[in-house]
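Chemist: Sequence:
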Amino acid sequence: MRCILGYRAVGVTTACFVPVLSIRGAQEEEPPDAQLMRLDNMLLAEGVSGPEKGGGSAAAAAAAASAGVGPDNSAEHSDYRAKLTQIRGIYHTELEKYEQACNEFTTHVMNLLREQSRTRPISPKEIERMVGIIHRKFSSIQMQLKQSTCEAVMILRSRFLDARRKRRNFNKQATEILNEYFYSHLSNPYPSEEAKEELGKKCSITVSQVSNWFGNKRIRYKKNIGKFQEEANMYAAKTAVSAASVSAHGSQANSPSTPNSAGGYPSPCYQPDRRIQ
DNA sequence: TAGGATGATTCTCA
DNA sequence: TGAGAATCATCCTA
1 MRCILGYRAV
11 GVTTACFVPV
21 LSIRGAQEEE
31 PPDAQLMRLD
41 NMLLAEGVSG
51 PEKGGGSAAA
61 AAAAASAGVG
71 PDNSAEHSDY
81 RAKLTQIRGI
91 YHTELEKYEQ
101 ACNEFTTHVM
111 NLLREQSRTR
121 PISPKEIERM
131 VGIIHRKFSS
141 IQMQLKQSTC
151 EAVMILRSRF
161 LDARRKRRNF
171 NKQATEILNE
181 YFYSHLSNPY
191 PSEEAKEELG
201 KKCSITVSQV
211 SNWFGNKRIR
221 YKKNIGKFQE
231 EANMYAAKTA
241 VSAASVSAHG
251 SQANSPSTPN
261 SAGGYPSPCY
271 QPDRRIQ
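If you number the first sequence the way the UniProt record's numbering does, the last residue is 277 and the count never jumps.
Because the hints were derived from the structure by calculation, they are not lab data. Be a bit skeptical, because a hint or two may be false.
As a list, the in silico DSBU-like pairs of lysine-lysine whose alpha-carbon atoms are at most 35 Å apart [as the list claims (entries may be wrong)]:
(1) K97 <-> K83
(2) K222 <-> K172
(3) K238 <-> K223
(4) K202 <-> K217
(5) K227 <-> K238
Here are the computed distance ranges between Cβ atoms for each label pair [as the list claims (entries may be wrong)]:
(6) N111 <-> A34: 35 to 45 Å
(7) S245 <-> Y190: 24 to 34 Å
(8) N171 <-> S139: 48 to 58 Å
(9) A82 <-> R118: 51 to 61 Å
(10) Q173 <-> A240: 38 to 48 Å
(11) A34 <-> S117: 16 to 26 Å
(12) G226 <-> M154: 45 to 55 Å
(13) E96 <-> E193: 41 to 51 Å
(14) K172 <-> A240: 17 to 27 Å
(15) K227 <-> R167: 15 to 25 Å
Quick reminder that beta carbons are idealized off the backbone N, C-alpha and C, glycines included.
Could you build the full structure based on these sequences and the hints that come with them?
Modeler: Spelled out as structure tokens, the structure:
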């Protein structure tokens, strides 16, 4: 029996159905359709069930996206996708096994009834009822499989989100780059998507991390301008020196990503009277 | 080890 | 949908 993150595939043998083939079994309630539908929808949304487009990993990628995970390729993300693919694989294998077992068992029971029909009369209704019982039993086991799969996906997802919460401080160079951009655009510290992408590349972080950083920075700057004054002056001076150096050499102004400073951003524009409102 | 710094998440609003 | 604000969780340093 395989186990991923506490997910155990429910094994199936025909033996486990023999004791329940009784009239009492026939009177058991139908599996709740609403619950089954919810499980089906969830498995579909998670990319576990449903049509497989471009392999399980594609479905898992879609599921990762549905888990609020951007299209980055971090180790955590690929690990998440790999585990989701594994869950998907097990789910489909088990589902096939159930279907096969169901068909085999139905045939087996039909044969038994045929044998019995030699000694006693068996009506088509009775046969139909037996087949119905078998199918209902297998359906309830399928539902257990779906429930286990949903649980496994939920556990995987929550662990993934927990992992994301664990943070690492950006390296010094990345913080420098972000600060340089922030203080040189203090009058409008809202980088465009392109700028965010470029900053992300330079700092080896994702675009959403850049957005987070700027969001945090704007608020924290606004809340305590006094505290950041020194930092602002430092970066302003730094950028001014870079700009002066560039103009002295007069050759780097056309660099694609470094329009006005060695840090790659426009000339310093730190002006105490032009800050975030 | 306490407290500040910092990245991430969530909620609200325009 | 992006920004602001509050908050959480972790890191870092004295």
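Chemist: Note whether the CB distance of S245 and Y190 lies within 24 to 34 Å or breaks it.
Modeler: holds, 27 Å
Chemist: May I ask you to test the hint 38 to 48 Å on the CB atoms belonging to Q173 and A240?
Modeler: Violated - the Cβ-Cβ distance for Q173 and A240, about 20 Å, lies outside 38 to 48 Å.
Chemist: Verify the CB-CB distance for K172 and A240 against the hinted window 17 to 27 Å.
Modeler: holds, 21 Å
Chemist: Going straight from one Cα to the other, do K222 and K172 come out at no more than 35 Å?
Modeler: Holds, at about 23 Å.
Chemist: Straight-line Cα separation of K202 and K217 no greater than 35 Å?
Modeler: holds, 18 Å
Chemist: Can the restraint linking K238 and K223 be considered satisfied, given a maximum Cα separation of 35 Å?
Modeler: holds, 24 Å
Chemist: Honestly, do N111 and A34 meet the 35 to 45 Å range at C-beta?
Modeler: Distance hint for N111, A34 holds at roughly 36 Å.
Chemist: Is 51 to 61 Å respected by the C-beta to C-beta distance linking A82 and R118?
Modeler: Given range 51 to 61 Å: holds, Cβ gap about 55 Å.
Chemist: Next pair to validate is K97 with K83; report whether the Cα-Cα distance is within 35 Å.
Modeler: Holds, at about 21 Å.
Chemist: With respect to the beta-carbon atoms only, verify the hint that G226 and M154 lie 45 to 55 Å apart.
Modeler: With a Cβ separation near 46 Å, G226 and M154 satisfy 45 to 55 Å, so the hint holds.
Chemist: Between E96 and E193, is the Cβ distance one that fits in 41 to 51 Å?
Modeler: holds, 44 Å
Chemist: Indicate whether the distance between the beta carbons of K227 and R167 respects the range 15 to 25 Å.
Modeler: holds, 22 Å
Checked against the numbered hints listed earlier, the structure breaks hints 10 and 11; every other hint is satisfied.
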